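Asker: In case you want the letters, here they are:
2 protein chains.
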Amino acid sequence: MNIPDNVLNRLTLYHFILDDLREDEETISSTKIAQLLNIDSSQVRKDIKYLNSSGKCKVGYNSKELKSSIEKCLGFKQTKDAFIVGAGNLGSALAKYTSFKDYGLNILAMFDNDTKKIGTTINGKEVFEFSKIANLVKRLNVEIAILTVPKEAAQAMANYLAGAGIKYIWNFTPCVLEVPKTVRVWNENLIGSFLQFTNNNEIDKVENDNRN
Amino acid sequence: MNIPDNVLNRLTLYHFILDDLREDEETISSTKIAQLLNIDSSQVRKDIKYLNSSGKCKVGYNSKELKSSIEKCLGFKQTKDAFIVGAGNLGSALAKYTSFKDYGLNILAMFDNDTKKIGTTINGKEVFEFSKIANLVKRLNVEIAILTVPKEAAQAMANYLAGAGIKYIWNFTPCVLEVPKTVRVWNENLIGSFLQFTNNNEIDKVENDNRN
Chain A
1279 MNIPDNVLNR
1289 LTLYHFILDD
1299 LREDEETISS
1309 TKIAQLLNID
1319 SSQVRKDIKY
1329 LNSSGKCKVG
1339 YNSKELKSSI
1349 EKCLGFKQTK
1359 DAFIVGAGNL
1369 GSALAKYTSF
1379 KDYGLNILAM
1389 FDNDTKKIGT
1399 TINGKEVFEF
1409 SKIANLVKRL
1419 NVEIAILTVP
1429 KEAAQAMANY
1439 LAGAGIKYIW
1449 NFTPCVLEVP
1459 KTVRVWNENL
1469 IGSFLQFTNN
1479 NEIDKVENDN
1489 RN
Chain B
1279 MNIPDNVLNR
1289 LTLYHFILDD
1299 LREDEETISS
1309 TKIAQLLNID
1319 SSQVRKDIKY
1329 LNSSGKCKVG
1339 YNSKELKSSI
1349 EKCLGFKQTK
1359 DAFIVGAGNL
1369 GSALAKYTSF
1379 KDYGLNILAM
1389 FDNDTKKIGT
1399 TINGKEVFEF
1409 SKIANLVKRL
1419 NVEIAILTVP
1429 KEAAQAMANY
1439 LAGAGIKYIW
1449 NFTPCVLEVP
1459 KTVRVWNENL
1469 IGSFLQFTNN
1479 NEIDKVENDN
1489 RN
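Going down the list, the protein sequences come from chains A and B. For the working numbering, count along the first sequence from 1 and bump the result up by 1278. For the working numbering, count along the second sequence from 1 and bump the result up by 1278.
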């Protein structure tokens, strides 16, 4: 796939919209999608061209065809297995995030060092102690770890995961991890996201903009 | 501020790195930052130019100056108040995310309809019933709501928040919300993020790429 990140992100949002349509809404226009996302409709049409989909008609796109084109193009059906490392609130929230499965992310198990959590299940996913990771990575052939441990434990855990054979870390901690070249990190940077949000919307404008 | 989203995102990550430096690491090079993030060092230098910072010397940037330039430029000290709407695992995780405060996001209170949660506090933030939102939005002059309710409840809650005077919704639900023009939504699209992650890293390449 050679789809820019921003396009990919928006295509997922289009899929959320299509998923929420009523059964009788057989078509959807780029204007409608654009309005829901507060973006330009030409942007929507440009994004959809990446799909090589043919479902466009006079009144808009065929909803079902567009939905299945996005699914096919973005590989929702190609399941990727992952472990959640850290069974605190965030790890538990992600384990319960039922939409992940629909979009191709399959959480196989969770890990924590809290004896009260070990042996319990969260949304059907068993919590194992950290020391079991290396063995289970090999046995289940898992390459992806979703890292939700506290900030203080993040680097040490990243080292351990790299040693255990994990190849991809989806990092939810507010830390930049130092990892060997065999491991790729994807930073889920909530702080950066929040700043983009406030920046784009100029929240604070009244206070800081003297031109008014 | 007129900083592109991607730059803003990376500047936050540079701040994480600077925040983790030891006291005696007085300088940091663009090469070191680039290596930690697996990006090009010219990109790092370009991003830092947005700060109009003067802390560059032969061996790199002065760590403290660079850190404080990022803080000043991105407005970490300008606190924005917010409510968390939904005190489940995700809402609780966000309430406990201590880094938010350092980066200018101040969670004042939480809301839920679970009587077992109402009246309790999570990391010092009291949980109120949903019906109290409108009153507290006005009393505390809060404009931002962080939406972490279940998917099924998301649209109805967005309608209620709009009516209550909320102006910005940071949406963690996998739904595209239909809101009046007075409200801006920022979608924290975890599915899109995961797909970017797998797409960028070509996870699955072995299975799907016949050229090898």
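Hint data in this document are derived by calculation from the structure and do not stem from the laboratory. Values in this document were obtained by computation on a predicted structure and should not be read as measured data. Wrong hints could be hidden among the right ones.
[To be verified] Across the chosen pairs, the derived CB separations fall in these ranges:
1) B:Asn1330 with A:Leu1414: 48 to 54 angstroms
2) B:Gly1402 with A:Ala1412: 35 to 41 angstroms
3) B:Lys1459 with A:Arg1417: 49 to 55 angstroms
4) B:Lys1459 with A:Pro1282: 25 to 31 angstroms
5) A:Thr1399 with B:Thr1398: 22 to 28 angstroms
Positions of the beta carbon are idealized from the N, C-alpha and C atoms, including for glycine.
Asker: Hint by hint, note whether the structure agrees.
Answerer: Now for the hints, and whether the structure bears them out:
1. B:Asn1330 with A:Leu1414: 48 to 54 angstroms: For B:Asn1330 and A:Leu1414 the Cβ distance comes to about 49 angstroms; the hint holds.
2. B:Gly1402 with A:Ala1412: 35 to 41 angstroms: holds, 38 angstroms
3. B:Lys1459 with A:Arg1417: 49 to 55 angstroms: holds, 54 angstroms
4. B:Lys1459 with A:Pro1282: 25 to 31 angstroms: holds, 28 angstroms
5. A:Thr1399 with B:Thr1398: 22 to 28 angstroms: The hint (22 to 28 angstroms, Cβ to Cβ) holds, given that A:Thr1399 and B:Thr1398 are roughly 24 angstroms apart.
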